[in-house]
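Assemble the complex: chain A is given as a structure, and chain B must be docked to it using the hints.
If you want the building blocks of each chain, they are given just below.
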Amino acid sequence: MAEQVLMPKQGNTVESCIIVEWNVKVGDTVEVGTVLCSAETDKSTIDVESTAAGTILALLYEEGDDVPVMLPIAIVGEEGEQFEMPQTEGQVEEKASEAQPQTAVAVAPEPEVVRVAAQGASPRARNAAQSQGVRLDTLGASGPKGRIIERDVLAAVGEPLSPVAKAAALQGGSVIPARGSGIGGRVVGADLAASVSSETAPQAEFVDIPLKGIRKITAERMMQSISTTCQFTMTAWADARALKRLRAQFKAARSELGLGGITIGDLVLYATAKTLVEYPSHNAHFLGDKTRQFSSVDLGIATDTPRGLLVPVLRFSERMSLRELSDASKTLISKAREGKAQPDELSGSTFTVSNVGAFGIEGFTPVLNVPEVAILGVGTITVKPVEDEDGDIIFTDQISLSLTVDHQAVDGAEAARFLRTLSDNIAAIDLLLAL
Amino acid sequence: MERYDLIVIGSGPGGYIAAQRAGTLGKRVLLVEEKELGGVCTNVGCIPTKSLLAGAKRYKSAIDGTAFGLEVEKAHFNYATAAAHKDETVKTLRSGIEFLMKSSKVEVVFGRAEVRDPHTVVVAEAVYQTDHLIIATGSRPALPPIPGADAPHVLTSDEILALTERPESLVIIGGGVIGVEFASLFSMIGTRITVIEMMDEILPMADAEFAKLLRREMKGVEFLLGSTVERIGEKSVTYTNKKGERKEIESTMVLLSVGRVPNVEGFEALGLDIDRSGIRVNDRMQTNLPTVWAVGDVNGRSLLAHSASRMAEVAVANIFGKKEMRMRYHAIPTVVYSNPEVAGCGLTEDEAKRLSIPVKSQTIQMRSSGRFIAEEGKRAGGLVKVIAHQESGAIVGIHLLGSYASENIWGAAALIEAELRVQDVKEIVFPHPSVNELIKEACFQLDPSL
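Protein sequences, first through last, are from chains A and B.
The working numbering puts the first residue of the first sequence at 798, with every later residue one more than the last.
The working numbering puts the first residue of the second sequence at 20, with every later residue one more than the last.
Hints are computed from structural coordinates only; laboratory data are not their basis.
There may be inaccurate statements among the hints.
[Unchecked claim] The calculated label-pair distances, taken between Cβ atoms and stated as ranges, are:
1) B:Pro-164 x A:Gly-970: 53 to 59 Å
2) B:Gln-442 x A:Gly-970: 20 to 26 Å
3) A:Phe-1003 x B:Ser-114: 56 to 62 Å
4) B:Val-128 x A:Gly-969: 57 to 63 Å
For every residue, glycine included, the Cβ atom is placed at its ideal position computed from N, Cα and C.
Isolated chain A, as found in the complex (with noise of 0.2 Å):
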């Protein structure tokens, strides 16, 4: 008997998995736990495994297809086995919520038949972008859930396709033109071809990149972010002596005792922890009609991954000692950058810290991680004079801190407060640690 395999519930937040590549075909042999495909949730990438034995009969998305959880991605059975294509979308859903979290189950095909539906695009949608050339991973939603619907592919057709543009333009790797050079203003195949880098064209003058997984969550939580906040940055300069001399301490420490790895980084997010058990007013999310401050700092560490910027979250942040800290960020961080770290590791910050200090920036304006209301910007240390107790002109260490805040829940004097206090903290980080 055919079974289907579901993309696997990923935590509780995870609402779709976009399909990275499969790593089997229609034909080849899986076993209980062999990985089918990787999945990208909105932060990580998983890999699905089968949870049936048998012959792969059908895939029944592409990759790059955006599949909701606990619906059927693969139909596995016998060799040459007659299946039934999955049912409808809406009584997946309705299954869903009432399956397992966390694993892939498997669950009979029901009798209901309908062709597949596209996820992430309804069916309509699916036959309009068929029909019309249009691909779907290139078209922006406005379905419910971020579905794509019809609307938004036939928004996107201009004039319509002759026969041979719309071949070409479902191969992929060419822009359509709104108005081709075809009768009616039809799009032809050489207007297709002339938006084709090809190999006899050497220099292409642009390469679109179709905007998709990571890149594209991170485009819309940007523009979310500045569009529904009113957000103001300012900035200052922190004495950073104290951070360098303890980095040098550190460093200089009995091997055994674990401490050669702390950063400068680390002793920033330790100081900045710190400062937020003390301003709960920062470590807090706007929600509209309320802000929500939180007992525990979860502090959300902006990384640069090669897919893209993800925020591995730091549990607890406050509780920690420098070194379970800076231990914790550094496992969270490598997990991020390989791809491995659970969805639930990747969101629920109350407050992000952004570190560019290592490429020398002195200064600039992070964007807030909505819904929370505030983040550090963290810049490099640079000698800087100052006015010592004496009167006279020093020259010292500083480090640049940017920091953003929500003017709809925070105000600037409390906010400038909050940036005083930790500047002072992160001057006197060796007296903080031993709070």
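What follows is chain B alone, placed relative to chain A:
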């Protein structure tokens, strides 16, 4: 002083269509014509030749119809009557254009237009102002520098149409569309015809195998290919044949059909870009002067009546709003109204090769059509050729030789314009029995899959 939105100079199929289309848009339009409404097409081209060919084809059917049961005792072709029918047709169509101009609210003035500047036209001392100017002055037969070409028995296509009796013999210099059409016309009514063509094949725009078959089908016409006329005498034409030998052929009448030259005289002062083939235009039919446009033969881009009309529409569209409209030349049908007819649209195989476009083609004998055999007999020659892009399968050329070719070729233009592929054409239902269903058959032979 009168001010117009548009002045059109020349009332051929480029000019009168431009005027009519603009007039129906509600624009104030003046059409200037030096001679008669309708231009070469109506007066000394498409229409009079079709009128004469109609009689000639009837005559040929009468004398050639024995196999179909037609026995005519004494068939006679009265050339004067045929010429009268031709004149009547021309007159009817001319008044049709006159009516069309009236109903489209286009003002017409007769006289030679003198263009003072891009916005000022003078006709018979009356000064007219305009925002835009369309030049549609057409072309005229080229007169080659052959000794004797100016003798009275040496005619151009304009003059030969004024004949009232059939010539006994005729030497036609130039085997292009015009030469071949007259060769067909006069050979059908018994004139002894010799066509002298400088190139190695007649009809340069046609697929080579089609030209060859047409020569074979035009029995009674002698074709001298690769031959150059040296001199035209009173009773003979001297030429050098393919082998370089000097020969002489007797004839009392000579037709010059060696091409056409654009009527660009009088526009030099405007500062227009003019080259050998005519007034230079972009694919919107705009000249180097932004408010001056040139359509039809005068721009030399495509010397066909239907091209001129389309160019007129493109120009008017660009002048009055639709700036994205462009002239496309890749699907313009060409027709030779010979007997049998030849029609083509799109690329020939030679052209595809020259343009490095990979193509596949299929040629079918028209004898595969039930209707063709029924109407022409099993020995008649005819071809259908479909040329498709090797990779995409898009139809890039269709060529027809045989009955109804002229009436069927528009379908080829539609297929090519729509960029339909072989697999798409196979889904179209063609009527049966017809000659055009062979287009579908050729597509199935190119790709037998269903």
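Now the hints, each set against the structure:
1. B:Pro-164 x A:Gly-970: 53 to 59 Å: holds (56 Å)
2. B:Gln-442 x A:Gly-970: 20 to 26 Å: holds (22 Å)
3. A:Phe-1003 x B:Ser-114: 56 to 62 Å: Once the Cβ atoms are compared, 58 Å apart, the range 56 to 62 Å for Ser-114 (chain B) and Phe-1003 (chain A) holds.
4. B:Val-128 x A:Gly-969: 57 to 63 Å: Holds - the Cβ-Cβ distance for Val-128 (chain B) and Gly-969 (chain A), about 58 Å, lies within 57 to 63 Å.
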